[in-house]
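J.: One letter stands for each residue in the lines below.
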Amino acid sequence: MKKVTIVVFSGEMDRAMAAFNIAVGAASMGMEATMFFTFWGLNILKRRDARVSPPGFIRKMLAAMMPAGPHKLPLSKLNMFGMGPLMMKKLMKQYRMPDVGEMLALAKQSGVKVIACTTTMELMGIPKAQLIQDVDSCAGVAAYLAEAGESTVNLFI
Amino acid sequence: MKKVTIVVFSGEMDRAMAAFNIAVGAASMGMEATMFFTFWGLNILKRRDARVSPPGFIRKMLAAMMPAGPHKLPLSKLNMFGMGPLMMKKLMKQYRMPDVGEMLALAKQSGVKVIACTTTMELMGIPKAQLIQDVDSCAGVAAYLAEAGESTVNLFI
Amino acid sequence: MKKVTIVVFSGEMDRAMAAFNIAVGAASMGMEATMFFTFWGLNILKRRDARVSPPGFIRKMLAAMMPAGPHKLPLSKLNMFGMGPLMMKKLMKQYRMPDVGEMLALAKQSGVKVIACTTTMELMGIPKAQLIQDVDSCAGVAAYLAEAGESTVNLFI
Chain A
1 MKKVTIVVFS GEMDRAMAAF NIAVGAASMG MEATMFFTFW GLNILKRRDA RVSPPGFIRK
61 MLAAMMPAGP HKLPLSKLNM FGMGPLMMKK LMKQYRMPDV GEMLALAKQS GVKVIACTTT
121 MELMGIPKAQ LIQDVDSCAG VAAYLAEAGE STVNLFI
Chain B
1001 MKKVTIVVFS GEMDRAMAAF NIAVGAASMG MEATMFFTFW GLNILKRRDA RVSPPGFIRK
1061 MLAAMMPAGP HKLPLSKLNM FGMGPLMMKK LMKQYRMPDV GEMLALAKQS GVKVIACTTT
1121 MELMGIPKAQ LIQDVDSCAG VAAYLAEAGE STVNLFI
Chain C
2001 MKKVTIVVFS GEMDRAMAAF NIAVGAASMG MEATMFFTFW GLNILKRRDA RVSPPGFIRK
2061 MLAAMMPAGP HKLPLSKLNM FGMGPLMMKK LMKQYRMPDV GEMLALAKQS GVKVIACTTT
2121 MELMGIPKAQ LIQDVDSCAG VAAYLAEAGE STVNLFI
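For the record, the sequence lines run as chains A, B and C.
Residues in the first sequence are numbered consecutively from 1, following the working numbering.
Residues in the second sequence are numbered consecutively from 1001, following the working numbering.
Residues in the third sequence are numbered consecutively from 2001, following the working numbering.
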């Protein structure tokens, strides 16, 4: 069976959409899809309700400045202080396209593996309890490489 | 025969140049190269002469703010309100390097397959007639994955 | 033996860290890892002491605006005129994570191949003498593709 492994490094709506579209598409074609969320990408997996308050001043500042969860992501271009993402969301709704939160649910239903990067979790001070339940496991670069080494399609988004 | 498949997600001059260099290089080495233009990357394939005026207010605004065609692309860094791209273009001309428009023509001559993403076309309201003639076909994520699944080199740019 | 080949196109601290983590991880798992530094990524390989003063006005301006070496890299998000990278560096030090300069040294020790892109060197007017000694070789897109064509994991970062 062909495998697709995607590193989701970016925490932007447009890039997340691309990543989910490819992963869900792969799963629906019978491929095995794995998404490895690292660095800014980890923001997508944060719980909205759980107020992240990590130990340490710098971590607190970073946590305060970063979006929590799939509903607050910026755009990589034309962000315009939040106007861009709102417009894009409205456009997607208008044309009945699922948003990032819905794509994440769809990914889980389709059997896409969702992995959170432990190195980022340690650096940013995010415990597993602060991540959404959809996360299958937390793992490091070795686990990623084991998966990637068996994948035909490897992408860094 | 080895295959190279590149997702061109970014609509910036520097990233487009990298994508075209790799695709044209691959074709010249006898590999089969496919470029799949999606999201901001689709701007590269827009016709300069055809004034895009899609239905819907948000789409109209997005179309007005996005560059049309390979000659108006921004830089991902040091853009400086358009100064950066002008400087880079001048520098490339000075050292006889082809620009994005010329690389696109070269890609076509070398047999690189140029595919436009239908999901982006629908979302942004861009009909095929608004795209340059160099586009070989319009396709979705399934067509991309079929190609990628047979490629040794898969990149997301 | 499985091969990992990474194009390091971005010149940002966060993306460089991701690239080095994957390359060093791959090498430590017995895979062959190659990093191909191009465009903004080439800034990571610039010598700090050697004052780059390339011929031509535009090149001089570009050189003056770009960071030289692994210690001056910006962040791709939350850069905040240099505050973000300082905070991130402090955080990494606090949690005993190696920075980009240390990761580069680690990569070299682990046998990761470090290649500088000749096309970028020509365009920006950077001779080999201006690059750090850790560079194994300077090569173009053909050398990259030969390597990539034999790699299981290909990434563009």
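I should point out that these hints are in silico values taken from the structure, not numbers from a laboratory.
Every residue gets a Cβ at the ideal spot worked out from N, C-alpha and C, and that includes glycine.
One thing to keep in mind: the hints can contain errors.
Stated by the list, open to error - Cut-off 20 Å, straight-line C-alpha distance, at most; resulting in silico cross-link-like pairs (DMTMM-like, lysine to aspartate or glutamate):
| # | chain 1 | residue 1 | chain 2 | residue 2 |
| --- | --- | --- | --- | --- |
| 1 | A | 93 | A | 122 |
| 2 | C | 2108 | C | 2032 |
| 3 | A | 2 | C | 2150 |
| 4 | A | 2 | A | 150 |
| 5 | C | 2093 | A | 122 |
| 6 | C | 2002 | A | 122 |
| 7 | A | 2 | B | 1147 |
| 8 | A | 113 | A | 99 |
| 9 | C | 2077 | C | 2049 |
| 10 | C | 2072 | C | 2032 |
| 11 | B | 1002 | B | 1122 |
| 12 | A | 90 | B | 1122 |
| 13 | C | 2003 | B | 1150 |
| 14 | B | 1003 | A | 150 |
| 15 | A | 2 | A | 49 |
| 16 | C | 2108 | C | 2122 |
| 17 | A | 2 | B | 1102 |
| 18 | A | 3 | B | 1150 |
| 19 | C | 2003 | A | 99 |
| 20 | B | 1072 | B | 1032 |
Stated by the list, open to error - Examples of chain A residues lying across from chain C (beta carbon under 8 Å, computed):
| # | residue |
| --- | --- |
| 21 | 118 |
| 22 | 139 |
| 23 | 142 |
| 24 | 156 |
J.: Between residue 90/A and residue 1122/B, is the straight-line Cα distance small enough, at 20 Å or below?
T.: At roughly 14 Å apart (the allowed maximum being 20 Å), residue 1122/B and residue 90/A satisfy the hint.
J.: Does the structure keep residue 1002/B and residue 1122/B at a Cα separation of 20 Å or less?
T.: Distance ~32 Å between residue 1002/B and residue 1122/B Cα, so the pair is violated.
J.: Between residue 1072/B and residue 1032/B, does the CA-CA distance stay at or below 20 Å?
T.: Cα-Cα ~28 Å, so violated.
J.: Would the stated hint for residue 156/A survive a check requiring a Cβ distance to chain C of less than 8 Å?
T.: With Cβ-Cβ at 4 Å, under 8 Å, it holds.
J.: Quick one, are residue 113/A and residue 99/A close enough, alpha carbons at most 20 Å?
T.: With a Cα-Cα distance of about 19 Å, the restraint between residue 113/A and residue 99/A holds, given a limit of 20 Å.
J.: Run the distance test for residue 93/A versus residue 122/A: straight-line Cα separation, threshold 20 Å.
T.: violated, 36 Å
J.: Would you mind confirming whether the straight-line C-alpha gap from residue 2003/C to residue 1150/B stays at or under 20 Å?
T.: Given pair residue 2003/C, residue 1150/B holds - Cα atoms ~18 Å apart, limit 20 Å.
J.: Would you mind confirming whether the straight-line C-alpha gap from residue 2003/C to residue 99/A stays at or under 20 Å?
T.: The given pair, whose Cα atoms are some 36 Å apart, is violated under the 20 Å limit.
J.: Would you check the hint for residue 2077/C and residue 2049/C, treating anything up to 20 Å between C-alpha atoms as holding?
T.: Cα-Cα ~28 Å, so violated.
J.: Taking 8 Å as the limit, does the beta-carbon of residue 142/A come near enough to a beta-carbon in chain C?
T.: holds, 6 Å
J.: Does the structure keep residue 2/A and residue 49/A at a Cα separation of 20 Å or less?
T.: Violated, because 37 Å separates the two Cα atoms, which is more than 20 Å.
J.: Within 20 Å, alpha carbon to alpha carbon, are residue 3/A and residue 1150/B?
T.: Holds - the C-alpha atoms of residue 1150/B and residue 3/A are around 11 Å apart, at most 20 Å.
Consistency with the previously given hints fails for numbers 1, 6, 9, 10, 11, 15, 16, 17, 19, 20, 21 and 22, ordered from lowest to highest.
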